[in-house]
Amino acid sequence: MTGSYARRYAHLVTMPTTVPAYGNEAAERLAPMADVTASDAALRRFLHGLPGVDAVGLQARAATLGTRSIKTTAKAYAIDLAISMIDLTTLEGADTPGKVRALCAKGVHPDPTDQTVPQVAAICVYPDMVATAKAALAGSGIHVASVATAFPAGRAALPVKLADTRDAVAAGADEIDMVIDRGAFLSGRYMSVFEEIKAVKEACRRADGTAAHLKVIFETGELQTYDNVRRVSWLAMLAGADFIKTSTGKVSVNATPPVTLLMLEAVRDFAAATGVQVGVKPAGGIRTTKDAIKYLVMVNETAGDAWMTPDWFRFGASSLLNDLLMQRQKLSTGRYSGPDYVTVD
Amino acid sequence: MSDARLSVLKTYKLFVGGKFPRSESGRVYEVTDSQGKWLANAPLASRKDARDAVVAARKAFGGWSGATAYNRGQVLYRVAEMLEGRREQFVAEVADAEGRSGKKSDTAKAAAQVDAAIDRWVWYAGWSDKIAQIAGSANPVAGPYFNLSTPEPTGVVAVLAPQESSFLGLVSVLAPVIVTGNTAVVVASEKSPLPALSLAEVLATSDVPGGVVNVLSGRTGELVGPLAAHQDVNAIDLAGAYGELHGELAVAAEKAAADNLKRVLRPAEVDWAAAPGTDRMLSFLETKTVWHPIGI
Amino acid sequence: MNAFEYAPAPESRAVVDIAPSYGLFIDGEFVDAADGKAFKTLSPASEEVLSEVAQAGAEDVDRAVKAARRAFEKWSALPGAERAKYLFRIARIIQERSRELAVLESLDNGKPIRESRDFDLPTVAAHFFYYAGWADKLDHAGYGADPRPLGVAGQVIPWNFPLLMLAWKVAPALACGNTVVLKPAETTPLSALFFADVCRQAGLPQGVVNIVTGDGSTGAELVAHPGIDKVAFTGSTEVGKAIARTVAGTRKKLTLELGGKAANIVFEDAPIDQAVEGIVTGIFFNQGHVCCAGSRLLVQESIQDELLEALKRRMSTLRVGDPLDKNTDIGAINSAEQLARITALAEAGEAEGAERWAPSCELPDTGYWFAPTLFTGVTQAHRVAREEIFGPVLSVLTFRTPAEAVEKANNTPYGLSAGIWTEKGSRILWMADRLRAGVVWANTFNKFDPASPFGGYKESGFGREGGRHGLEAYLDV
Numbered sequence: 001m002t003g004s005y006a007r008r009y010a011h012l013v014t015m016p017t018t019v020p021a022y023g024n025e026a027a028e029r030l031a032p033m034a035d036v037t038a039s040d041a042a043l044r045r046f047l048h049g050l051p052g053v054d055a056v057g058l059q060a061r062a063a064t065l066g067t068r069s070i071k072t073t074a075k076a077y078a079i080d081l082a083i084s085m086i087d088l089t090t091l092e093g094a095d096t097p098g099k100v101r102a103l104c105a106k107g108v109h110p111d112p113t114d115q116t117v118p119q120v121a122a123i124c125v126y127p128d129m130v131a132t133a134k135a136a137l138a139g140s141g142i143h144v145a146s147v148a149t150a151f152p153a154g155r156a157a158l159p160v161k162l163a164d165t166r167d168a169v170a171a172g173a174d175e176i177d178m179v180i181d182r183g184a185f186l187s188g189r190y191m192s193v194f195e196e197i198k199a200v201k202e203a204c205r206r207a208d209g210t211a212a213h214l215k216v217i218f219e220t221g222e223l224q225t226y227d228n229v230r231r232v233s234w235l236a237m238l239a240g241a242d243f244i245k246t247s248t249g250k251v252s253v254n255a256t257p258p259v260t261l262l263m264l265e266a267v268r269d270f271a272a273a274t275g276v277q278v279g280v281k282p283a284g285g286i287r288t289t290k291d292a293i294k295y296l297v298m299v300n301e302t303a304g305d306a307w308m309t310p311d312w313f314r315f316g317a318s319s320l321l322n323d324l325l326m327q328r329q330k331l332s333t334g335r336y337s338g339p340d341y342v343t344v345d
Numbered sequence: 001m002s003d004a005r006l007s008v009l010k011t012y013k014l015f016v017g018g019k020f021p022r023s024e025s026g027r028v029y030e031v032t033d034s035q036g037k038w039l040a041n042a043p044l045a046s047r048k049d050a051r052d053a054v055v056a057a058r059k060a061f062g063g064w065s066g067a068t069a070y071n072r073g074q075v076l077y078r079v080a081e082m083l084e085g086r087r088e089q090f091v092a093e094v095a096d097a098e099g100r101s102g103k104k105s106d107t108a109k110a111a112a113q114v115d116a117a118i119d120r121w122v123w124y125a126g127w128s129d130k131i132a133q134i135a136g137s138a139n140p141v142a143g144p145y146f147n148l149s150t151p152e153p154t155g156v157v158a159v160l161a162p163q164e165s166s167f168l169g170l171v172s173v174l175a176p177v178i179v180t181g182n183t184a185v186v187v188a189s190e191k192s193p194l195p196a197l198s199l200a201e202v203l204a205t206s207d208v209p210g211g212v213v214n215v216l217s218g219r220t221g222e223l224v225g226p227l228a229a230h231q232d233v234n235a236i237d238l239a240g241a242y243g244e245l246h247g248e249l250a251v252a253a254e255k256a257a258a259d260n261l262k263r264v265l266r267p268a269e270v271d272w273a274a275a276p277g278t279d280r281m282l283s284f285l286e287t288k289t290v291w292h293p294i295g296i
Numbered sequence: 001m002n003a004f005e006y007a008p009a010p011e012s013r014a015v016v017d018i019a020p021s022y023g024l025f026i027d028g029e030f031v032d033a034a035d036g037k038a039f040k041t042l043s044p045a046s047e048e049v050l051s052e053v054a055q056a057g058a059e060d061v062d063r064a065v066k067a068a069r070r071a072f073e074k075w076s077a078l079p080g081a082e083r084a085k086y087l088f089r090i091a092r093i094i095q096e097r098s099r100e101l102a103v104l105e106s107l108d109n110g111k112p113i114r115e116s117r118d119f120d121l122p123t124v125a126a127h128f129f130y131y132a133g134w135a136d137k138l139d140h141a142g143y144g145a146d147p148r149p150l151g152v153a154g155q156v157i158p159w160n161f162p163l164l165m166l167a168w169k170v171a172p173a174l175a176c177g178n179t180v181v182l183k184p185a186e187t188t189p190l191s192a193l194f195f196a197d198v199c200r201q202a203g204l205p206q207g208v209v210n211i212v213t214g215d216g217s218t219g220a221e222l223v224a225h226p227g228i229d230k231v232a233f234t235g236s237t238e239v240g241k242a243i244a245r246t247v248a249g250t251r252k253k254l255t256l257e258l259g260g261k262a263a264n265i266v267f268e269d270a271p272i273d274q275a276v277e278g279i280v281t282g283i284f285f286n287q288g289h290v291c292c293a294g295s296r297l298l299v300q301e302s303i304q305d306e307l308l309e310a311l312k313r314r315m316s317t318l319r320v321g322d323p324l325d326k327n328t329d330i331g332a333i334n335s336a337e338q339l340a341r342i343t344a345l346a347e348a349g350e351a352e353g354a355e356r357w358a359p360s361c362e363l364p365d366t367g368y369w370f371a372p373t374l375f376t377g378v379t380q381a382h383r384v385a386r387e388e389i390f391g392p393v394l395s396v397l398t399f400r401t402p403a404e405a406v407e408k409a410n411n412t413p414y415g416l417s418a419g420i421w422t423e424k425g426s427r428i429l430w431m432a433d434r435l436r437a438g439v440v441w442a443n444t445f446n447k448f449d450p451a452s453p454f455g456g457y458k459e460s461g462f463g464r465e466g467g468r469h470g471l472e473a474y475l476d477v
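Chains as they are written, first to last, in the working numbering: chain U, 1 to 345; chain S, 1 to 296; chain C, 1 to 477.
Hints listed in this document are in silico derivations from the structure and should not be mistaken for laboratory results.
A hint or two may mislead.
The calculated SDA-like cross-link candidates involving lysine to any residue, where the alpha carbons are at most 25 Å apart (straight line), are [stated by the list, open to error]:
#	chain 1	residue 1	chain 2	residue 2
1	C	447	U	64
2	C	326	U	332
3	U	71	U	285
4	U	71	C	100
5	C	241	S	282
6	C	447	U	332
7	U	198	U	157
8	S	255	C	364
9	C	326	U	59
10	C	408	S	55
11	C	326	U	76
12	C	40	C	236
13	C	66	C	148
14	S	37	S	142
15	C	241	S	37
16	U	71	C	236
17	U	75	C	317
18	C	241	S	248
19	U	71	C	85
20	C	85	C	4
21	U	75	C	4
22	C	241	C	387
23	S	255	C	4
Make a model of the complete structure from these sequences and hints.
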């Protein structure tokens with residue numbers, strides 16, 4: 001229940017500022033929470049003591065936020081913000097260096113006819129494409145994100161997952177999108193999931209002491225219940241996740257507004273309880289400007305201003321970008337654009 | 001010298017909270033048969049007796065309304081059993097009350113009334129665990145919600161028992177009120193209160209918890225005012241205010257009842273011998289609708 | 001300053017064409033009041049005069065009742081299936097005209113367009129659809145074979161959900177074969193007059209629906225008219241009692257849907273985020289102009305602090321302003337009188353020592369506005385905990401045990417609704433059993449559906465609207 005954790009950690013709530021999950025201070029802030037992760041039983045008690053989620057109420061709230069009408073200046077702002085938050089993604093067996101380079105070029109200049117369009121946040125690829133992407137993006141400031149840990153199923157031994165992660169980091173990945181072991185989570189082996197995230201976070205460290213930022217993918221479509229989503233969010237944040245991410249994009253149910261709303265509530269509550277800020281990344285299935293704006297409204301009215309930047313909110317998407325570009329063209333020219341006026345990659 | 005034994009006269013008392021008090025006013029009035037022959041003195045209940053009865057009824061409401069429907073049905077059936085055993089007494093009392101003391105044809109009429117009254121207890125006893133099934137509903141709302149309406153007793157019901165049908169009429173208005181979980185303050189037929197006061201003795205020795213039924217005898221016109229105006233009475237059955245004599249009384253009572261929006265069952269012509277419908281039960285039921293989301 | 005400022009997103013007013021004046025709708029025609037009296041109806045958000053509406057007097061009410069009486073014979077004799085088709089037509093026309101009617105409702109009432117568009121109008125249409133289906137199935141409603149209508153129904157409705165309350169009254173009345181004379185509230189007469197036009201479009205026979213506009217005196221004339229057989233009223237408990245006195249001793253059947261002071265009870269094991277939403281919906285929906293509003297928050301002491309913090313944070317995101325802006329959460333208070341009442345009660349709350357809090361929000365200069373307001377440190381003895389405020393004002397009380405929660409929740413002359421928030425199923429049922437209220441929302445609040453009976457215990461009135469139960473009010477049973 002909220003009561004116990006909030007009371008127990010009340011002294012932390014009064015901290016003057018939150019610190020980023022990826023900074024050096026985060027560990028210090030999380031130290032007082034060590035007792036809840038001290039044993040499997042303690043972790044289970046804590047996660048099951050979190051407030052429950054009423055599915056219908058959560059969905060209704062997400063739907064209501066979805067009715068916000070974002071027009072004119074607000075829409076222009078939202079479109080550019082959304083573009084800047086995209087992790088432009090290609091995760092196909094058929095990916096080639098050529099395809100990845102094309103995507104990178106698009107990320108840097110999303111609309112070749114309009115230089116005022118912001119660049120995307122990151123290019124998201126498989127580990128073997130990291131070096132290609134890194135080279136293609138050199139000097140742009142765009143991050144290279146790499147999925148890792150036997151993405152998307154996560155069904156491999158831990159050493160393999162860690163090796164996968166280290167490879168990607170060594171190849172220059174700025175961000176690692178790991179998948180959790182859903183099987184372990186669903187069978188209640190929370191500590192196993194916790195330890196694995198911690199180990200991957202460790203594997204994100206570079207020789208120079210810096211580290212790739214760690215996004216933890218839950219594959220919420222497989223976790224089935226919202227209670228599970230809240231628990232896994234807290235579990236991952238306690239384990240050191242810098243970002244929590246809904247989905248791989250490889251299963252039938254990907255990011256949904258209610259799940260994302262719930263994860264936004266989780267990062268908001270986690271920051272209030274620990275002083276550590278964690279980002280959120282919905283991924284998969286977000287294809288339209290209308291959808292993207294709904295997500296931004298949720299961020300705005302749930303987590304608030306502090307999350308309204310590419311540092312703390314991302315869209316894992318591929319086709320979304322073109323729709324945003326077409327809408328952007330419509331706003332600036334007053335006429336509807338078409339698919340031939342945006343680039344296909 | 002006579003060989004007839006001098007009979008022991010019965011002192012009739014009020015029935016409040018399971019006890020048999022005299023009227024706090026100390027007053028009594030003479031009860032006669034239809035020919036004016038003195039039958040007994042009955043307590044002349046005061047407004048304070050009415051107040052005490054409401055307190056007793058309110059106190060009993062939680063337990064009685066919270067009892068299982070099955071239990072309430074058993075309790076009502078027990079009343080029928082007890083009455084069956086004292087059938088002769090009630091036949092005599094009803095014959096006295098509504099006819100001429102000792103007249104044979106009046107006794108036959110009274111016997112029919114008592115039998116019908118006993119059967120009515122049985123009929124209503126069976127309703128206890130069925131009324132919710134006909135008065136409730138599962139409501140198919142357009143959304144992911146479980147939605148159920150169930151009837152609940154309204155609370156403390158003041159009942160003006162019919163003036164003419166002193167026993168069958170009384171049972172016909174009392175049983176439907178209590179079978180659903182209400183508690184009752186009954187004002188007995190003014191001129192024929194004795195069967196009601198005797199019924200109280202049966203109730204006291206059956207399994208009806210104290211306070212579920214409270215019986216007052218006296219002037220209907222004197223008792224209806226305080227009961228109709230009482231802020232802790234939830235409903236009032238004005239059956240006993242039927243007839244020309246009582247027309248104004250009923251209007252005044254209904255107006256007074258508006259002060260706390262009591263549910264009012266207006267007086268009407270009723271054939272008490274006829275099979276009752278569910279109306280008198282439904283009149284003193286509230287419908288509660290509970291919503292809950294359906295989700296995982 | 002928020003980086004993501006929502007630009008104004010006003011719904012177009014052009015979809016609704018309000019005439020400069022309206023007559024009474026009697027016997028299928030719009031007619032002036034016999035004495036020519038009229039009154040103005042304002043937009044509470046701007047104080048702009050929207051139209052001038054006839055003020056019905058005794059003579060007009062009499063004409064309307066007589067028209068309804070004349071129409072009753074044929075209407076009640078129509079096969080149920082035919083009455084049903086009229087109601088289905090009405091439902092469809094309302095759906096077709098829902099944007100227009102939503103804008104009209106927001107203009108005249110002050111409620112946010114999001115609510116009139118997404119709640120009021122869909123629910124209005126749904127209500128007509130629901131009761132349309134009953135018209136030819138009354139034999140199966142559990143009121144005996146071939147239950148008869150009562151006759152002419154006099155219906156008086158409030159200003160908080162003008163068209164929806166009309167639907168709640170008119171749909172079951174017509175389905176059962178009654179004819180009606182309806183008086184909309186003085187401050188919100190327009191949607192009822194537009195409904196008259198819907199009836200004309202549907203080809204409803206003349207006199208089946210009559211609309212008499214006016215103030216309380218018109219309502220009093222209607223209720224007292226000897227030619228009506230049924231009185232249905234939604235509004236304040238005070239007026240409800242007066243009506244009950246008026247019909248005392250008559251044969252008029254009466255149903256009343258009156259005030260409330262609902263407890264919204266939050267346990268420490270509640271789904272907190274949804275509970276916060278439920279509290280906000282409970283008291284700020286429709287500016288708190290809701291008889292079943294969750295105006296008393298009963299929170300378990302162990303979570304009081306964090307719940308209030310979450311609630312305040314959430315209240316800070318509420319957008320107060322132009323009712324026609326699609327992003328407005330809280331619109332205008334319906335009238336100057338109501339604003340004065342809310343203001344006075346809020347001041348009483350402060351004077352009695354409760355702590356007042358409201359998020360900082362800019363209120364428009366013209367019109368009637370009240371910021372969403374929270375009172376903490378409230379006890380059962382405070383006026384803000386006992387009296388119906390009918391505005392966006394929430395009183396927060398605490399409890400320690402379930403039994404105490406029930407006791408406090410029931411400690412009111414009202415009994416319309418209640419809310420329970422806990423993840424423990426058996427406790428929900430235990431609580432629901434003990435709460436003396438006609439509607440109990442568990443882990444939700446302010447949900448309505450035509451199939452779901454609604455109505456109060458105790459001084460919140462009697463009779464039910466909605467569902468099979470709602471038929472009883474309009475049948476001679």
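Hints and how they fare:
no., hint, result
1, C/447 x U/64, "holds, 14 Å"
2, C/326 x U/332, "holds, 23 Å"
3, U/71 x U/285, "holds, 23 Å"
4, U/71 x C/100, "holds, 21 Å"
5, C/241 x S/282, "holds, 22 Å"
6, C/447 x U/332, "violated, 42 Å"
7, U/198 x U/157, "holds, 15 Å"
8, S/255 x C/364, "violated, 45 Å"
9, C/326 x U/59, "holds, 20 Å"
10, C/408 x S/55, "holds, 20 Å"
11, C/326 x U/76, "holds, 18 Å"
12, C/40 x C/236, "holds, 23 Å"
13, C/66 x C/148, "holds, 20 Å"
14, S/37 x S/142, "violated, 67 Å"
15, C/241 x S/37, "violated, 45 Å"
16, U/71 x C/236, "violated, 40 Å"
17, U/75 x C/317, "holds, 19 Å"
18, C/241 x S/248, "holds, 19 Å"
19, U/71 x C/85, "violated, 41 Å"
20, C/85 x C/4, "violated, 49 Å"
21, U/75 x C/4, "holds, 9 Å"
22, C/241 x C/387, "holds, 16 Å"
23, S/255 x C/4, "violated, 59 Å"
Going through the hint list in order, the structure does not satisfy hints 6, 8, 14, 15, 16, 19, 20 and 23.
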